[in-house]
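Asks: For reference, the chains in residue letters:
Protein chains: 2
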Amino acid sequence: MEAGSDPSEEQLLQRPWLPVSISGCQLLVKSCFSDTAYRILLTDMHCVWEERMEAAAIQSRAQELNRRLRASVEAFFSHLCEVVQPCLSGGELTGGKAQIFLTRQDNGNINVRLKSELAELPFYWEFRCSPAPVALACAQLVRPLLVISRMLQQQVKQLGGLLVRKDAEIQDYRENGATLSRERLQTEVFEESTYREHFMATTLPFLWSESLDSLGFDADLQQLYTTAIAHRKRKLSEERSVQEEQPAAESSADVVSARSEAANIRKQNHNKQDETTDVKTTNRPTMPKSDMSIPAERKSSKAKKKKVGLFR
Amino acid sequence: MEAGSDPSEEQLLQRPWLPVSISGCQLLVKSCFSDTAYRILLTDMHCVWEERMEAAAIQSRAQELNRRLRASVEAFFSHLCEVVQPCLSGGELTGGKAQIFLTRQDNGNINVRLKSELAELPFYWEFRCSPAPVALACAQLVRPLLVISRMLQQQVKQLGGLLVRKDAEIQDYRENGATLSRERLQTEVFEESTYREHFMATTLPFLWSESLDSLGFDADLQQLYTTAIAHRKRKLSEERSVQEEQPAAESSADVVSARSEAANIRKQNHNKQDETTDVKTTNRPTMPKSDMSIPAERKSSKAKKKKVGLFR
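Taken in sequence, the protein lines are chains S and E. The numbers in the first sequence follow full-length UniProt numbering, run straight up by one, and end at 312. The numbers in the second sequence follow full-length UniProt numbering, run straight up by one, and end at 312.
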């Protein structure tokens with residue numbers, strides 16, 4: 001199933017995975033609340049759970065859990081949104097009286113139970129989430145992670161190429177007798193295989209140990225996720241606008257909102273990684289766009305491929 | 001569910017995803033044939049399917065599909081292995097008479113049907129694969145892809161840092177009056193944000209268009225997958241050997257075989273990516289291990305974390 005074919009799945013796809021801790025359990029959450037309907041996705045990276053609810057089912061569960069309360073589904077739903085949305089967006093529960101719990105069921109489901117107050121009476125809610133279809137995990141995790149991996153892999157290749165070129169430049173200066181004024185500025189020749197070998201030996205074993213607050217899906221990866229999805233969406237809208245002759249104006253606003261959501265995660269999470277941009281080198285011009293070591297033939301052949309897909 | 005808890009899942013985890021084309025359908029396959037039992041995983045990156053079969057079920061399906069053939073389950077199974085294993089390993093069907101077909105069922109299942117000859121009679125087999133539990137997709141795709149992403153992300157950071165240091169060295173030479181003997185050796189200053197922005201604009205849109213033969217999971221990523229899993233396994237074995245006081249000798253052989261399988265994929269696939277290591281710079285010493293810009297504090301704090309996990 002293509003993710004783009006289901007509007008609520010497409011909507012979820014554009015959201016980042018927000019880290020949430022409930023009852024000591026670390027999860028990543030996506031949720032989508034519309035008019036008296038919601039869809040919620042949770043993952044601990046070992047399973048993905050979901051629940052989809054619409055007006056009638058929400059009304060009936062609200063009555064089942066709150067026998068003494070009589071209210072319209074709109075009233076129940078708007079209260080639910082008010083209480084639970086901040087929590088599912090990685091923030092705190094609003095109101096001191098609201099409480100949230102998570103219980104794992106024997107059948108593999110998880111229940112997220114909520115207790116708050118509505119019109120001075122206790123209000124209960126339960127998200128009863130069952131394991132998601134594998135196709136949903138493919139759309140929301142596997143395919144985006146694959147694109148992120150390919151993206152980073154290309155960057156590693158390009159940066160390796162740039163390092164080799166810098167070394168050639170440095171070698172030329174040195175062969176012509178240049179010396180450094182400060183010894184500590186001297187770098188060693190970059191050799192890809194030595195670098196990779198050392199990297200694998202020293203860094204890889206630690207990457208399997210998840211950092212608790214993000215399950216390994218840290219703020220930087222979240223931002224790549226959002227960027228990757230935004231580009232996918234832009235591409236889809238372009239294709240649609242070609243096919244349907246409609247402008248794709250709406251999508252850019254969504255992209256902006258997805259970006260600012262990702263920026264929020266960056267603020268919320270503790271960014272433990274070292275920054276590599278703190279050394280400023282301002283004396284020389286910035287890199288022109290032609291100097292990114294992306295061979296021109298390759299770009300044009302890929303663009304051709306896309307065109308074929310568009311008009312077949 | 002932890003993948004390590006199920007031996008056949010652990011076995012599958014160590015295998016690479018092999019690209020296979022059946023009836024014009026591009027898939028990635030993992031399979032595991034043991035004594036009169038098999039487990040097979042297929043994905044088109046939109047869904048993951050699986051089938052697990054043991055002796056009794058294999059015997060009964062073999063009889064159902066081959067009424068005229070009378071044979072022991074061992075005979076059926078060894079013939080099946082002989083015919084299908086090369087095909088599921090990304091190679092060709094052995095024997096000119098064997099044929100393989102794929103059909104998608106309305107219920108979301110896929111059937112891989114096989115026709116060959118056993119004792120000069122037609123022999124039929126069907127892999128009846130249904131969508132895999134989402135936990136399996138998490139173990140076999142999501143978590144490894146997340147580790148690959150984190151690994152590459154760290155490399156991008158480190159290489160960016162190295163480029164900044166090279167620029168500082170170059171700037172020092174130039175400030176002291178050095179000039180290049182060949183103008184074309186001059187590189188531009190590396191600026192991470194400019195680089196990333198340009199990369200996103202030019203490369204990202206093309207990463208969503210899958211290359212047909214690998215579904216985007218190309219040979220280089222396959223190798224990273226194998227490496228990541230091997231490191232995970234080594235770590236698990238070390239932990240187990242500490243806990244159970246057993247040697248982890250067996251695992252290293254598996255790692256080697258997984259590596260050679262990955263090497264085979266590299267040969268099979270067309271590697272379309274540009275190589276960055278063709279410029280040789282031999283005049284200066286290779287990079288010592290201490291010079292990889294992994295801050296020492298960080299390494300030691302991570303190592304501490306691991307130790308806590310090991311003995312808790």
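The hints are simulated quantities; they were obtained by calculation from the structure and are not laboratory data. It cannot be assumed that every hint is accurate.
[Claimed, not checked] Covered stretches of chain S, as calculated for chain E (at least 3 residues, CB under 8 angstroms): (1) 12-25; (2) 57-67; (3) 74-84; (4) 115-129; (5) 180-193; (6) 220-232.
All C-beta atoms, glycine included, are put in the ideal place defined by N, C-alpha and C.
Asks: Does each hint hold? Answer for all of them.
Replies: Taking the hints in turn, this is what the structure says about them:
1. 12-25: violated (count 0)
2. 57-67: With 0 residues closer than 8 angstroms to chain E, the stretch 57-67 of chain S misses the three-residue bar; violated.
3. 74-84: violated (count 0)
4. 115-129: violated (count 0)
5. 180-193: holds (count 12)
6. 220-232: holds (count 7)
Going down the numbered hints, you'll see the structure goes against 1, 2, 3, 4, while the others check out.
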